[in-house]
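Those protein sequences? They're chains A and B, same order as listed. If you use the working numbering, the first sequence closes out at 114, no skipped numbers anywhere. If you use the working numbering, the second sequence closes out at 113, no skipped numbers anywhere.
Some clues are possibly wrong.
As the list claims (entries may be wrong) - Covered stretches of chain A, as calculated for chain B (at least 3 residues, CB under 8 Å):
1. 15-22
2. 55-67
3. 70-80
4. 96-104
Just so you know, the hints here were simulated from the structure itself, not pulled from any lab data. We treat Cβ as the ideally placed atom computed from N, Cα and C, and that holds for glycine.
This is what each chain is made of:
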Amino acid sequence: AAGVIQSPRHLIKEKRETATLKCYPIPRHDTVYWYQQGPGQDPQFLISFYEKMQSDKGSIPDRFSAQQFSDYHSELNMSSLELGDSALYFCASSLGHDGTYEQYFGPGTRLTVT
Amino acid sequence: KQEVTQIPAALSVPEGENLVLNCSFTDSAIYNLQWFRQDPGKGLTSLLLIQSSQREQTSGRLNASLDKSSGRSTLYIAASQPGDSATYLCASPPGGSQGNLIFGKGTKLSVKP
Chain A
1 AAGVIQSPRH LIKEKRETAT LKCYPIPRHD TVYWYQQGPG QDPQFLISFY
51 EKMQSDKGSI PDRFSAQQFS DYHSELNMSS LELGDSALYF CASSLGHDGT
101 YEQYFGPGTR LTVT
Chain B
1 KQEVTQIPAA LSVPEGENLV LNCSFTDSAI YNLQWFRQDP GKGLTSLLLI
51 QSSQREQTSG RLNASLDKSS GRSTLYIAAS QPGDSATYLC ASPPGGSQGN
101 LIFGKGTKLS VKP
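Pulled out of the complex, with its shape left as it was, chain B reads as follows:
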């Protein structure tokens, strides 16, 4: 059964710092991995999708990498801003599934001005 773990559970950094959020998964036979952002009490905003055949994806200040063999993905945020403060979740549909996502518990990021 696929399990997704995110470390750390919470992170507080000063504005301008580069940071890395970690996501690990137990079933390496994944189709893809998605990173989401969630503001308190709000919906899920998709940030990046990495297909199983890809190693990384970039969008603006965000870069996500995927290493299936080690069961790991990282989300790199460059030059963090207070507006980046949110909870970041990674999720993946396990291989053989019908696409339902298994989510990690998220990393709550706080960027201090």
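Excised from the complex, chain A in its bound form:
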């Protein structure tokens, strides 16, 4: 069965650079969630999209932006990177956005900021 695809799997950037993370949801899933997991931490919700519109917003820095495209894939854009942005970034997709649907997680993108 198709799973959530994230690219790249690993990314190394320097401080103040920009990074773009991509997420391809499971086919027919219309909702995408982004989470950030710092070292030794639990995943924290960043932002979500339903039918290409922003659905909810969590603890996402103003330096970050995201969108969902017509083919339902999503991109997380991160600017002016800081050392503290080093983390695992997960994307999850689901069939709906009202909280009753199971979320399926991608393998994550490991971002290292040096």
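Assemble the complex: chain A is given as a structure, and chain B must be docked to it using the hints.
Below, chain B without anything else, positioned relative to chain A:
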């Protein structure tokens, strides 16, 4: 605001033992509760999803229960194996939310051969 707590933070057991991992949440108006497994530096593997209307779910050696009134869920692992060693996280989207998951900090399980 939903808070999810997992006890214990770490657990070490000998192979073959049955064990229980605990998860508690403050907002009982949840839609569902998911249990995940995470190996070091890896992604999240969904183990079980219990809808708010259900009391338990089973998958192989895993059984998860949900008691909304007490704000508790448990994950029971039967006949533990060294391959079960991982961090187990529970998570729930709070009622009224758009589905974003609130995670516990996890229980790190080590099963000794």
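For each hint, the structure was consulted:
1. Residues of the stretch 15-22 of chain A with a Cβ under 8 Å from some Cβ of chain B number 0, which does not satisfy the need for three, so the listed coverage is violated.
2. Restraint check on the stretch 55-67 of chain A versus chain B: 3 residues with Cβ-Cβ distances below 8 Å, three needed, restraint holds.
3. Note: the stretch 70-80 of chain A has 0 residues with beta-carbon separation from chain B under 8 Å; the three-residue rule is not met and the coverage is violated.
4. Residues of the stretch 96-104 of chain A lying with their CB closer than 8 Å to a CB of chain B number 9, which satisfies the three-residue condition for coverage.
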